[in-house]
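Q: Construct the entire structure; sequences and hints are all you get.
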Amino acid sequence: MAVESPTKPTIADKIYDKMFHNYVWKSIFRTGYPNTPRNQMLVVATNVFLHLHPTRIHRTHVKITHTYCLGGLSFFMFLGLTVTGILLMFYYVPSVERAYLDIQNITTTVQFGQLMRNMHRWMAHAMVILVFMHMMRVFYTGAYKPPREFNWVVGVILLVLTFLLSFTGYLLPWDQLAFWAITVGTNIAGSAPVLGPKTRFWLLGGFEVGPDSLIRFYTLHVIGLPLLAAIFMAVHFWRIRRDGGLARPL
Amino acid sequence: MATAVVARPVARPQARARDEEVLVWPDLVFIEFIAALVFTITLFFLSVVVNAPLLDQANADVTPNPSKAPWYLLNLQELLLHMNAAMAGIIIPTVWLIIMGAFPYFDRDTEGQGAWFNTEGAVKITIVAGAIGFFGTWLLILWDSGKIAFFLNDWFGITGGDTFRFLENVRSMQSQLPWPEWSKSITYLPFNLRLLDGTGSGGPTTFQHLDFPGWLVEQAIPIAVLVGLPTLMIYGMWRAGWVMNRRDALLALFSGFVAAYGVLTLTGTAFRGQGQELVFPWELKVSEGIPGQEPGH
Ligand code: HEM
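Protein chains in written order, with numbering that gives the first Met the number 0: chain D, 0 to 249; chain X, 0 to 296.
Any given hint might turn out to be false.
[To be verified] From the structure, some residues in chain D lie toward chain X, with a derived Cβ separation under 10 angstroms:
id: 1; residue: M115
id: 2; residue: Y143
id: 3; residue: L194
[As the list claims (entries may be wrong)] Some chain D residues well away from chain X (every beta-carbon gap over 10 angstroms; in silico):
id: 4; residue: H20
id: 5; residue: G31
id: 6; residue: W201
id: 7; residue: G223
id: 8; residue: L226
id: 9; residue: V234
id: 10; residue: W237
Hints are computed from structural coordinates only; laboratory data are not their basis. Think of the CB as a built atom: it goes at the ideal place given N, C-alpha and C, for glycine as much as any other residue.
A: Here it is as structure tokens:
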């Protein structure tokens with residue numbers, strides 16, 4: 000076995016060493032880049048963000064054309080919406096007097112405000128589309144079949160929650176588009192037999208869209224529904240692991 | 000032990016095939032990273048180029064025409080034009096979500112899972128059911144908005160005269176047939192049930208009356224169409240030897256749904272103009288308020 004004689008470290012090696020092998024860096028990342036299979040599995044199993052994954056996964060499931068990453072991207076949209084949503088919350092007050100002016104302010108005077116609002120809006124649309132497409136991919140790959148029955152049900156609940164999240168957000172700009180879309184939408188809810196009028200009243204906090212509706216939609220949009228969605232997503236992801244990873248042919 | 004919790008009579012997770020497995024780091028984490036990056040960049044540029052809409056401040060006195068729900072609800076708003084509001088807005092979506100949630104409990108066969116269209120004839124069923132859903136929904140919308148009668152008359156000079164006027168669309172069956180008076184008010188509940196009266200109508204009710212022609216066009220025919228046509232399609236495919244098991248039936252049902260859902264959403268979004276008239280997308284205009292009632296006076 001030939002042993003390489005140590006060469007003098009280049010300047011690049013030295014910089015690399017200074018950056019990634021110093022005391023502070025190592026206090027954050029306890030190991031260097033995981034370049035052996037053992038370390039790569041360890042990093043997935045022990046990192047708080049990565050350990051949602053198994054350490055190893057069936058060969059066919061990393062093919063892009065199997066999932067088109069649709070579920071993962073739905074989740075990514077959810078994360079992005081949380082980030083941009085929190086930024087918007089700094090400036091937005093859900094009162095009839097302020098809501099519209101605040102949105103105007105965000106788009107005109109707030110630094111990067113227009114960008115944040117646009118990102119939030121387009122990501123919301125993207126999420127609805129991605130979740131629906133994810134459902135189609137799960138269906139056409141037959142992935143709802145046993146033992147994944149319940150995870151499909153959790154998925155249907157997530158689909159409804161995604162619609163509701165988007166719907167409650169739609170009112171918040173308090174412009175004509177928002178006001179009348181929610182009027183039409185809640186009229187639909189109000190037409191339900193027996194429970195309809197009550198449901199509509201409860202949703203709107205009154206007989207028509209007004210200040211009380213705004214605060215209700217806001218509360219549902221920024222905390223109630225995201226919390227529920229996060230819980231169901233946690234179950235969804237956990238179930239994928241418990242059901243033996245993604246479905247594959249028998 | 001954990002196995003005691005996992006064990007179920009029906010299905011357990013498959014045994015792992017370790018020699019077929021790859022490492023999540025780097026194989027999967029890398030793909031996820033790229034996918035997230037591509038979406039971030041795309042949405043970033045979209046957001047730089049296209050601004051989110053912001054119209055005038057909300058004003059309960061100025062109704063835009065047409066007023067539309069958010070786009071993903073326009074399929075329901077479109078249904079609303081064709082039938083009873085409670086049915087279109089609540090009952091149909093709720094029932095469909097329940098049906099969809101029940102898919103795995105109906106089709107319990109584990110065969111054909113884990114790969115795209117992994118059963119015999121799956122692609123064929125999907126394409127044909129999708130096409131039927133697509134064209135069928137379009138035809139129904141065209142018919143119910145009276146466009147088919149209009150085209151027949153305008154382009155081919157075919158007219159049914161007064162005799163066949165009731166076939167123009169669903170509602171003309173209510174208005175153009177000589178219904179006897181009694182059929183418009185049939186007493187069906189000979190006791191007091193105020194629950195069915197809705198809220199705020201005041202005063203005690205004694206009887207429930209059925210407007211039969213109204214019930215026919217608002218509820219009976221739509222239900223018959225929504226249940227009947229898919230059933231007919233699946234039955235036909237079964238007779239033709241295409242649909243051979245529950246998975247095949249679901250493939251046909253789901254594909255038909257996706258197509259119909261798409262057409263309804265698209266129609267509601269791009270083909271409904273003022274007064275919810277059927278128009279071409281390039282003719283679609285929104286008037287920002289009731290004419291003669293401009294805001295700010
Ligand atoms: C907020 C919405 C959702 C999120 C974030 C989400 C996320 C995910 C992710 C990350 C996966 C892993 C595989 C993949 O990416 O395709 C997955 C799998 C799965 N999802 Fe979802 N999902 C959502 C909604 C849905 C819906 C609407 C359904 C069905 C009605 C569904 C049913 C399933 C099933 C059955 C699997 C297992 C697939 C398999 O074994 O191949 N999910 N989901």
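Q: The structure should be examined with respect to each hint, and the outcome stated for every one.
A: Okay, the hints, checked on the actual structure:
1. Hint status for D:M115 relative to chain X: holds, with the closest Cβ pair at about 8 angstroms, below 10 angstroms.
2. At its closest, the beta carbon of D:Y143 sits 4 angstroms from a beta carbon of chain X; the interface hint therefore holds under the 10 angstroms criterion.
3. The interface hint given for D:L194 holds, since its Cβ lies 9 angstroms from the closest Cβ of chain X, which is under the 10 angstroms cut-off.
4. At roughly 21 angstroms from the closest C-beta of chain X, the C-beta of D:H20 stays outside 10 angstroms, upholding its exclusion from the interface.
5. Listed as outside the interface, D:G31 is consistent with that label: its C-beta sits roughly 14 angstroms from the nearest C-beta of chain X, beyond the 10 angstroms cut-off.
6. Every C-beta of chain X lies more than 10 angstroms from that of D:W201, the closest at about 13 angstroms, which supports listing it as non-interface.
7. Even its closest Cβ contact with chain X, about 19 angstroms, leaves D:G223 beyond 10 angstroms, as expected for a residue assigned away from the interface.
8. Non-interface status of D:L226 relative to chain X is upheld: no Cβ of that chain comes within 10 angstroms, the nearest being about 21 angstroms off.
9. Non-interface status of D:V234 relative to chain X is upheld: no Cβ of that chain comes within 10 angstroms, the nearest being about 15 angstroms off.
10. For D:W237, the requirement that its beta carbon stay farther than 10 angstroms from each beta carbon of chain X is met, with the minimum near 13 angstroms.
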